[in-house]
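Take these sequences, add in the hints, and give me the full structure.
2 protein chains.
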Amino acid sequence: MRLAELSARSGVSTATIKYYLREGLLAPGRQLNATTAEYDETHLRRLRLVRALIQVGRVPVASAREVLKHVDDESLGRTIRLGAALWALPQAPDPDEEDPATAAAAAEVDRLLRTLGWDAAREIGALSPVHRSLVALVATQIRLGYPCDAETMAPYAELMRQAAARDLDRMETYESDTEMIESAVSSAVLFEPVLRALHRLAQEEESARRYGLE
Amino acid sequence: MRLAELSARSGVSTATIKYYLREGLLAPGRQLNATTAEYDETHLRRLRLVRALIQVGRVPVASAREVLKHVDDESLGRTIRLGAALWALPQAPDPDEEDPATAAAAAEVDRLLRTLGWDAAREIGALSPVHRSLVALVATQIRLGYPCDAETMAPYAELMRQAAARDLDRMETYESDTEMIESAVSSAVLFEPVLRALHRLAQEEESARRYGLE
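First to last, the sequence lines map onto chains A and B.
Heads up: the first sequence runs through residues 1 to 214, numbered per full-length UniProt numbering.
Heads up: the second sequence runs through residues 1 to 214, numbered per full-length UniProt numbering.
Keep in mind that the hints were calculated from the coordinates and are not lab data.
Don't be surprised by glycine CBs; every beta carbon is placed ideally from N, CA and C.
Mixed in with the good hints, there may be bad ones.
What the hints assert, rightly or not - If you only want the chain A side, here are some residues facing chain B, beta carbon under 7 Å, derived:
1. Val56
2. Pro60
3. Glu74
4. Thr115
5. Ala120
6. Gln141
7. Ala163
8. Leu190
What the hints assert, rightly or not - Computed far set for chain B versus chain A, every beta-carbon distance over 12 Å:
9. Ser13
10. Arg22
11. Gly24
12. Ala27
13. Glu38
14. Thr42
15. Gln55
16. Lys69
17. Gln91
18. Gly117
19. Glu123
20. Cys148
21. Pro155
22. Ala157
Said to hold, decoys possible - Part of the chain A face toward chain B, derived, beta carbon under 7 Å:
23. Ala52
24. Asp73
25. Thr79
26. Ala121
27. Leu134
28. Gln162
29. Ala164
30. His199
31. Glu204
32. Tyr211
Below you can see the structure in the form of structure tokens.
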């Protein structure tokens, strides 16, 4: 398809598509002549992901480019490729190593992962920005005096493991690793807020059931 | 305790405490004489919540005041008091009623709630900003062409209902309704990010188990 059709089908203006092309967020089309290029379904799919990242997730262009670089890196194994793409998304801040609550939080997170038998997550450890941000978040709770120990977190972590298993089951229905990793990235940006809203709605439902609707 | 001790025990500077008092985020102490006031454990507890809202959650002062007004309103029933406090927190944007994806999303959310038998959530419906933001989030996915129907969401919603039941179990260990609602608010600000980090960490664990650590 030509640029005009790509724009019509994706709902993205031709000016914005040209901007994404210049910024390296979208691969160039197949050049038919000096002024015309041909685009295909992979461009349409990628454009959807770029919109999810930039327009919805408000991911900075440089981060989005980094994410897409990993999505496209077929030299990596699946776990590393998936991890690298997700790690390139904006993360919560790293823990403050000066704060004594950080050491306490790191110990709780380690105890949690042992309790759960999450050996891979323990092995990856602080290499993962996700692990580091979990430590930082637990440290904040400890510093403010709210309880957030391994026992409190464990049952929630089990529920999240069930959610993660379902995430990967869904991803495995895609034909290629690239599509699978694209879907993981779009889920991280688009589906995580849905999950949070479902959690809050579930709290309303549960509260109304227990205490009545007044 | 005097102001100096309240500051030492809470880790909040006296200048900041005075600011919170002026802004009505913290109730005045019991005035002992023209220059000295006496504070107690309820001030310490409230200060912890104000820090969670303002310093960690970056909730605007006006919203924080609104949240605390509902936390303290003993004339309300438990569900409404809880809901009002949580609804006063900053919410995701409302759906765009002009967008045709919004009607499709509202239908999917309604179908989801029917499937799940969440009758209270259906009855509250679009009165709840949580319900509205769920519709908006689903509409975004539909608009971008990602699948997000009732069948996709239902199993995640079931997991979130289990999480919500656990949330309320934890809250019910508090002695007073006020403490219970304070803890619900602090959880919404502090524990939701922990849950999100646990979900991402679970994805890493599950991915490493299925595809190996490379």
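Comparing the hints with the structure gives:
The interface hint given for valine 56 of chain A holds, since its Cβ lies 6 Å from the closest Cβ of chain B, which is under the 7 Å cut-off. Nearest Cβ of chain B to the Cβ of proline 60 of chain A: about 19 Å, over the 7 Å cut. The hint is violated. Interface hint status for glutamate 74 of chain A: violated, as the beta-carbon distance to the closest one in chain B is roughly 14 Å, over 7 Å. Interface hint at threonine 115 of chain A: violated, since its Cβ lies 13 Å from the closest Cβ of chain B, which is beyond the 7 Å cut-off.
Nearest Cβ of chain B to the Cβ of alanine 120 of chain A: about 3 Å, under the 7 Å cut. The hint holds. Because the beta carbon of glutamine 141 of chain A sits about 5 Å from the nearest beta carbon in chain B, less than 7 Å, this interface hint is met. A cut of 7 Å between beta carbons decides the hint on alanine 163 of chain A: the least distance to chain B is about 5 Å, and the hint holds. With its C-beta approaching chain B no nearer than about 5 Å, leucine 190 of chain A sits inside the 7 Å limit, and its interface hint holds.
Distance to chain A confirms serine 13 of chain B as a non-interface residue, since its nearest Cβ pair spans about 15 Å, more than 12 Å. No Cβ of chain A comes within 12 Å of the Cβ of arginine 22 of chain B; the nearest lies about 22 Å off, and the non-interface call holds. Under the 12 Å C-beta cut-off, the non-interface status given to glycine 24 of chain B relative to chain A holds; the minimum distance is some 21 Å. The claim that alanine 27 of chain B is not at the interface with chain A holds, since no C-beta of that chain comes within 12 Å of its own (minimum 19 Å).
Every Cβ of chain A is farther than 12 Å from the Cβ of glutamate 38 of chain B; the closest lies at roughly 21 Å, confirming the non-interface assignment. Non-interface call for threonine 42 of chain B relative to chain A: holds, since the shortest CB-CB distance, roughly 14 Å, exceeds 12 Å. For glutamine 55 of chain B, the requirement that its beta carbon stay farther than 12 Å from each beta carbon of chain A is not met, with the minimum near 9 Å. No beta-carbon of chain A is positioned within 12 Å of the beta-carbon of lysine 69 of chain B; the least distance is around 19 Å.
Its closest Cβ contact with chain A, about 9 Å, brings glutamine 91 of chain B to no more than 12 Å, contrary to its assignment away from the interface. Distance check for glycine 117 of chain B against chain A: the nearest CB is about 9 Å away, which does not clear 12 Å, and the non-interface claim fails. Not every CB of chain A is more than 12 Å from the CB of glutamate 123 of chain B (nearest about 7 Å), against its label as outside the interface. For cysteine 148 of chain B, the non-interface assignment is contradicted: its Cβ lies about 7 Å from the closest Cβ of chain A, within the 12 Å cut-off.
The claim that proline 155 of chain B is not at the interface with chain A is violated, since a C-beta of that chain comes within 12 Å of its own (minimum 6 Å). Non-interface status of alanine 157 of chain B relative to chain A is broken: a Cβ of that chain comes within 12 Å, the nearest being about 5 Å off. For alanine 52 of chain A, the interface hint holds, the least distance from its beta-carbon to any beta-carbon of chain B being 6 Å, beneath 7 Å. Interface restraint check for aspartate 73 of chain A: the shortest CB-CB distance to chain B comes to about 13 Å, outside 7 Å, so the restraint is violated.
Below 7 Å, beta-carbon pairs count as interface contacts, and threonine 79 of chain A has one with chain B at about 5 Å; its hint therefore holds. The closest approach between the C-beta of alanine 121 of chain A and any C-beta of chain B is roughly 4 Å, which is under the 7 Å cut-off, so the hint is satisfied. The interface hint given for leucine 134 of chain A holds, since its Cβ lies 4 Å from the closest Cβ of chain B, which is under the 7 Å cut-off. With its C-beta approaching chain B no nearer than about 6 Å, glutamine 162 of chain A sits inside the 7 Å limit, and its interface hint holds.
Annotation: interface hint on alanine 164 of chain A holds; nearest CB of chain B at approximately 4 Å, less than 7 Å. For histidine 199 of chain A, the suggested interface contact is upheld, since its CB lies about 4 Å from the closest CB of chain B, less than 7 Å. Look at glutamate 204 of chain A: its Cβ gets to within about 6 Å of chain B, closer than 7 Å, so that hint holds up. Checking tyrosine 211 of chain A against chain B by beta carbon gives a least distance of about 4 Å; that is within 7 Å, so the hint holds.
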